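There are 2 protein chains.
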Amino acid sequence: MDVMFMVTSGRHTRSNLYLLLLIIVQCGRHAVEGVWPLPRAFTSSPERYPVNSKDFYFVYGRQSAAQQGCSVLDTAFKRYFSLIFPDYHSADGVLGFRKHKPFIVEICVDHGDCESYPNEDSSERYNLSVSAGKASLNAETVWGAVRGLETFSQLVYQDDFGSYFVNKTEIEDVPRFQFRGILLDTSRHFLPVQAILKTLDAMAYNKFNVFHWHIVDDPSFPYQSSTFPDLSSKGAFHPMTHIYTQSDVRRVISYARLWGIRVLPEFDSPGHTKSWGKGQPDLLTPCYRGGTPSGTFGPVNPALPSTYRFMARLFKEVSSVFPDSYIHLGGDEVDFYCWRSNPDVRVFMQKMGFGEDFTKLEAFYIESIVNITSALNKTSVVWQDVFDYHERIPKDTVLHIWKGIPVEYKAELSRITKAGMRVLLAAPWYINHISYGQDWFNFYTVQPQNFSGSEEQKKLVIGGEVCVWGEYVDATNLTPRLWPRASAVAERLWSDEKQTSNVDKAFPRLQDFRCQLLRRGIQAEPLYVGYCKQEYQGI
Amino acid sequence: MDVMFMVTSGRHTRSNLYLLLLIIVQCGRHAVEGVWPLPRAFTSSPERYPVNSKDFYFVYGRQSAAQQGCSVLDTAFKRYFSLIFPDYHSADGVLGFRKHKPFIVEICVDHGDCESYPNEDSSERYNLSVSAGKASLNAETVWGAVRGLETFSQLVYQDDFGSYFVNKTEIEDVPRFQFRGILLDTSRHFLPVQAILKTLDAMAYNKFNVFHWHIVDDPSFPYQSSTFPDLSSKGAFHPMTHIYTQSDVRRVISYARLWGIRVLPEFDSPGHTKSWGKGQPDLLTPCYRGGTPSGTFGPVNPALPSTYRFMARLFKEVSSVFPDSYIHLGGDEVDFYCWRSNPDVRVFMQKMGFGEDFTKLEAFYIESIVNITSALNKTSVVWQDVFDYHERIPKDTVLHIWKGIPVEYKAELSRITKAGMRVLLAAPWYINHISYGQDWFNFYTVQPQNFSGSEEQKKLVIGGEVCVWGEYVDATNLTPRLWPRASAVAERLWSDEKQTSNVDKAFPRLQDFRCQLLRRGIQAEPLYVGYCKQEYQGI
Numbered sequence: 017m018d019v020m021f022m023v024t025s026g027r028h029t030r031s032n033l034y035l036l037l038l039i040i041v042q043c044g045r046h047a048v049e050g051v052w053p054l055p056r057a058f059t060s061s062p063e064r065y066p067v068n069s070k071d072f073y074f075v076y077g078r079q080s081a082a083q084q085g086c087s088v089l090d091t092a093f094k095r096y097f098s099l100i101f102p103d104y105h106s107a108d109g110v111l112g113f114r115k116h117k118p119f120i121v122e123i124c125v126d127h128g129d130c131e132s133y134p135n136e137d138s139s140e141r142y143n144l145s146v147s148a149g150k151a152s153l154n155a156e157t158v159w160g161a162v163r164g165l166e167t168f169s170q171l172v173y174q175d176d177f178g179s180y181f182v183n184k185t186e187i188e189d190v191p192r193f194q195f196r197g198i199l200l201d202t203s204r205h206f207l208p209v210q211a212i213l214k215t216l217d218a219m220a221y222n223k224f225n226v227f228h229w230h231i232v233d234d235p236s237f238p239y240q241s242s243t244f245p246d247l248s249s250k251g252a253f254h255p256m257t258h259i260y261t262q263s264d265v266r267r268v269i270s271y272a273r274l275w276g277i278r279v280l281p282e283f284d285s286p287g288h289t290k291s292w293g294k295g296q297p298d299l300l301t302p303c304y305r306g307g308t309p310s311g312t313f314g315p316v317n318p319a320l321p322s323t324y325r326f327m328a329r330l331f332k333e334v335s336s337v338f339p340d341s342y343i344h345l346g347g348d349e350v351d352f353y354c355w356r357s358n359p360d361v362r363v364f365m366q367k368m369g370f371g372e373d374f375t376k377l378e379a380f381y382i383e384s385i386v387n388i389t390s391a392l393n394k395t396s397v398v399w400q401d402v403f404d405y406h407e408r409i410p411k412d413t414v415l416h417i418w419k420g421i422p423v424e425y426k427a428e429l430s431r432i433t434k435a436g437m438r439v440l441l442a443a444p445w446y447i448n449h450i451s452y453g454q455d456w457f458n459f460y461t462v463q464p465q466n467f468s469g470s471e472e473q474k475k476l477v478i479g480g481e482v483c484v485w486g487e488y489v490d491a492t493n494l495t496p497r498l499w500p501r502a503s504a505v506a507e508r509l510w511s512d513e514k515q516t517s518n519v520d521k522a523f524p525r526l527q528d529f530r531c532q533l534l535r536r537g538i539q540a541e542p543l544y545v546g547y548c549k550q551e552y553q554g555i
Numbered sequence: 017m018d019v020m021f022m023v024t025s026g027r028h029t030r031s032n033l034y035l036l037l038l039i040i041v042q043c044g045r046h047a048v049e050g051v052w053p054l055p056r057a058f059t060s061s062p063e064r065y066p067v068n069s070k071d072f073y074f075v076y077g078r079q080s081a082a083q084q085g086c087s088v089l090d091t092a093f094k095r096y097f098s099l100i101f102p103d104y105h106s107a108d109g110v111l112g113f114r115k116h117k118p119f120i121v122e123i124c125v126d127h128g129d130c131e132s133y134p135n136e137d138s139s140e141r142y143n144l145s146v147s148a149g150k151a152s153l154n155a156e157t158v159w160g161a162v163r164g165l166e167t168f169s170q171l172v173y174q175d176d177f178g179s180y181f182v183n184k185t186e187i188e189d190v191p192r193f194q195f196r197g198i199l200l201d202t203s204r205h206f207l208p209v210q211a212i213l214k215t216l217d218a219m220a221y222n223k224f225n226v227f228h229w230h231i232v233d234d235p236s237f238p239y240q241s242s243t244f245p246d247l248s249s250k251g252a253f254h255p256m257t258h259i260y261t262q263s264d265v266r267r268v269i270s271y272a273r274l275w276g277i278r279v280l281p282e283f284d285s286p287g288h289t290k291s292w293g294k295g296q297p298d299l300l301t302p303c304y305r306g307g308t309p310s311g312t313f314g315p316v317n318p319a320l321p322s323t324y325r326f327m328a329r330l331f332k333e334v335s336s337v338f339p340d341s342y343i344h345l346g347g348d349e350v351d352f353y354c355w356r357s358n359p360d361v362r363v364f365m366q367k368m369g370f371g372e373d374f375t376k377l378e379a380f381y382i383e384s385i386v387n388i389t390s391a392l393n394k395t396s397v398v399w400q401d402v403f404d405y406h407e408r409i410p411k412d413t414v415l416h417i418w419k420g421i422p423v424e425y426k427a428e429l430s431r432i433t434k435a436g437m438r439v440l441l442a443a444p445w446y447i448n449h450i451s452y453g454q455d456w457f458n459f460y461t462v463q464p465q466n467f468s469g470s471e472e473q474k475k476l477v478i479g480g481e482v483c484v485w486g487e488y489v490d491a492t493n494l495t496p497r498l499w500p501r502a503s504a505v506a507e508r509l510w511s512d513e514k515q516t517s518n519v520d521k522a523f524p525r526l527q528d529f530r531c532q533l534l535r536r537g538i539q540a541e542p543l544y545v546g547y548c549k550q551e552y553q554g555i
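Chains A and B, in that order, are what the protein sequence lines are. Each residue of the first sequence is one higher than the last, beginning at 17 in our numbering. Each residue of the second sequence is one higher than the last, beginning at 17 in our numbering.
Careful: at least some of the hints might be erroneous.
[Claimed, not checked] Here are the simulated DSSO-like pairs of lysine-lysine, each with C-alpha atoms no more than 30 Å apart in a straight line:
id : chain 1 : residue 1 : chain 2 : residue 2
1  : B       : K549      : A       : K294
2  : B       : K521      : A       : K294
3  : B       : K250      : A       : K549
4  : A       : K549      : B       : K214
5  : A       : K549      : B       : K294
6  : B       : K94       : B       : K184
7  : A       : K250      : B       : K549
8  : B       : K290      : A       : K549
9  : B       : K290      : A       : K521
Bear in mind the hints are in silico, worked out from the structure with no lab data behind them. Keep in mind it's a predicted model, so treat the numbers as computed, not measured.
Let's have the full structure, built from the sequences with the hints guiding it.
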């Protein structure tokens, strides 16, 4: 096809042979390096097929359980058309192709769950076969099809004449881990909805599938609760501009759904709740000094029945607003100082027979909250601290490992999975922590299952998460801080470890992918000296 | 005036008293914290005056040597009107003011050098006096007036009704150091012109006055030379998209001029020249291995007469394109390995009587280049390395201190000023080096004249420079990496050290200033947990 094009175009005839060689070399290079994160099984050949934006179609296969009208796939087709042909309007007919065959991408899914939400059991497996004029994409679910479309979009490239091509390719792909998350912290700094949506786009390009929304914390409470509107009207940085309305939240959830991304809300308690206290009197524990209230407040007050009534109503709302079957309850970093100082809390301790052991009080509190959310059919995720103080933690709870950077987390993984608990690894991927140079190496070389334990234990690692804590991050620097550093984690969580263990091999692929992100409007920072064809222009 | 406004507006009457108090408190706060970098002498009072965009004028004083038609000030008036009233169109008449007095800012300068370029001797001193309905800004030069306009623009603020005010204020201001620079590296990554212009804007807001353009280096040669077009057509990352045309360069220089910013070009040699070799055969030294050329190239070849003919022609062009009286010649980090390996260089060494001392060869080379630029009436700036190997360095040369981070640079300052040489401090301000947390503390607490030496020696410190080396920086992350971290240096270089020695006092002021930068469209990253009224929205 190359040669035909060369001849029919009738231009640059002198250097045709050289160009042809160059193109073949580049194609080969592209085909090998072209997909991030690396698919499980991937064969491609230098044989390539033209792809023309004027005659390019996504179609549903006859056997597909989903057909036109499927919101997820209809939207994905539209999104990916623009991603594959970003200059569709301007390039219109530049090369004057008149006669060409159409290129068809035929999608076939086994289950037509087009209006559902992705969940912990959703298959993301897909097969993709690219041949002359046609690509066949088969998946069990629409979510797998969305992943396959991302892969297909990364396979298409432009030659130096601006013509689009895709190489003959066979791919069988399935993620290594089910849970591949990114945490954004919207309490330490407020992130405009637009920044969240942009992050969801970039997540999809990287095949991340969980947006962990650490929505509230000590500094601010931007979630506008319909049950308790004072929480944001008094606890947000600003009651009108720095909040997420119910409509904002719905928009984020539905936008994420269309990318096959779950939204996991976190309402962290009993610590990290200073901002809650502004709009909910009596929720926090008054701290005492010298026998009188000092005017400061500590964690949620676990001694008052009103606390649990409040939490039951709040989590009822949250559970209905956020459709995911998981809910994150926090439970980390509780300082006992204030509880200890408070006479009512001490009386409660006596009454409950906890003695002086405040971890028992903490366990009692968390157990009560877990019971509330269990009754709402939610699976709880909690930070690992809970494992240390709570013996009767329900077996389906997921423990979120954040301690033990840079290496001690392995012992934590070992210890917690030994108790039969499922774990989620975040510790080595606190991406807000920056250091000079190519620190993505550190993220890339993490081996999430390389800890001492049985095969059964290793299976309890359900995935990992990149955390962007907000002390020093807001919408001004979120994107360059996240990308492409989080892309290193994306490959670790999606791809086979043995095939992706070498940073030197990963480097040129990641550089290419970073240029791809730039081309898609993601302000991803450079890995090292060099350039992209299309640099970031907007400042 | 507040009260009058309250009464005449006839709205919010219930809470008038409370609002009034609030406004007074905020005004007071604003007046104290409102200008970054801190002016030398600054008194303000809670007395405030309304400023209405519909009746606000910059005017030339009768005695002013510059009058309408003065490009620098006419442009500054236009720029600062938009900066002071960013929502001019949308706020048009919202509050329905009909009768009000105009507010006049009267500018008076002693010298009307409106078409000149700022230079090393340009005075930036100004006095600003704000009273009812009028501000008087007096300066020796138009450059001082531009600095004063920046200060005035930072004094104007909006109350919660959106009305603009300025407090009664008296300011006498003069920079501590004459040279307050920012280095951008456009070789390791290409920076689009738009990114440079945006940086010039932010520099002016911070009262930086030198843009040190490290325009070429090993990785790429983006400067399109009219004398030697092959340098960029072969040495740039891309010969069409990743270059600075003559017109681009002129645009940068003239844009900078209008902000009172000098453009100091650096053409670093004899090292850091790999990219030069692509478009200029025989310029670099062929390295030898085992008696034959190895195919690799080292620094500029100092043994060939053609080298000096080339450099004379290049620097003649550069000297005419860049109007500044300074030129940066580099001279750092020369590796002798390749020179030593080359038989022609060794023959030259013998001929010149340098023996085995390659520092003599290096000194010979630099002396030749300095002679070329001296003949072109340029003052040379060189990296400090040159001081170590070159005994006969001309007395007007400026040594640029980059070694000895974090503290050893003090010994360097001491040693080099003792020899009577002028110095420019960059070492503690390599702002591309990032670390987690509030590292601006480190930049802020540098004491550029706190080294062992006489008063005369201290006066030889002409200023300092923030360096943004480009290994890991391009247009995607330049702005959040620079600002507000470089603002810490801005205050160190402009303001009196005794008045600005406390980081705790600086913190809230810098936070306010960072919000001001955001409001002006500069994607400045956050210092710590918190928020700005107007967050960055564009992603």
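Original post:
For the pair supplied as a hint, B:K94 and B:K184, is the alpha-carbon distance within the 30 Å limit?
Top reply: Answer holds: B:K94 to B:K184 is near 23 Å, not above 30 Å.
Original post:
Taking 30 Å as the top limit, are the C-alpha atoms of B:K521 and A:K294 close enough?
Top reply: Within the cut-off at roughly 28 Å; holds.
Original post:
Given the hint that A:K250 pairs with B:K549, does the C-alpha gap stay at or below 30 Å?
Top reply: holds (16 Å)
**OP:** Take the C-alpha atoms of B:K250 and A:K549, compute the straight-line distance between them, and say whether it is at most 30 Å.
**Re:** Distance of about 16 Å is within 30 Å: holds.
Subject >> Satisfaction of hint between A:K549 and B:K290, Cα-Cα up to 30 Å >> reply: The given pair, whose Cα atoms are some 21 Å apart, holds under the 30 Å limit.
Original post:
Is A:K549 within 30 Å of B:K214, Cα to Cα?
Top reply: Satisfied, since the Cα-Cα distance of roughly 22 Å is no more than 30 Å.
Original post:
Is it true that the CA of A:K549 sits at most 30 Å from the CA of B:K294?
Top reply: holds (20 Å)
**OP:** Decide if the proposed pair is consistent with the structure: B:K549 and A:K294, CA atoms, cutoff 30 Å inclusive.
**Re:** OK: B:K549 and A:K294 at ~20 Å, within 30 Å.
Subject >> Restraint status (C-alpha distance of B:K290 to A:K521 at most 30 Å) >> reply: holds (25 Å)
No hint from the list above goes unmet by this structure.
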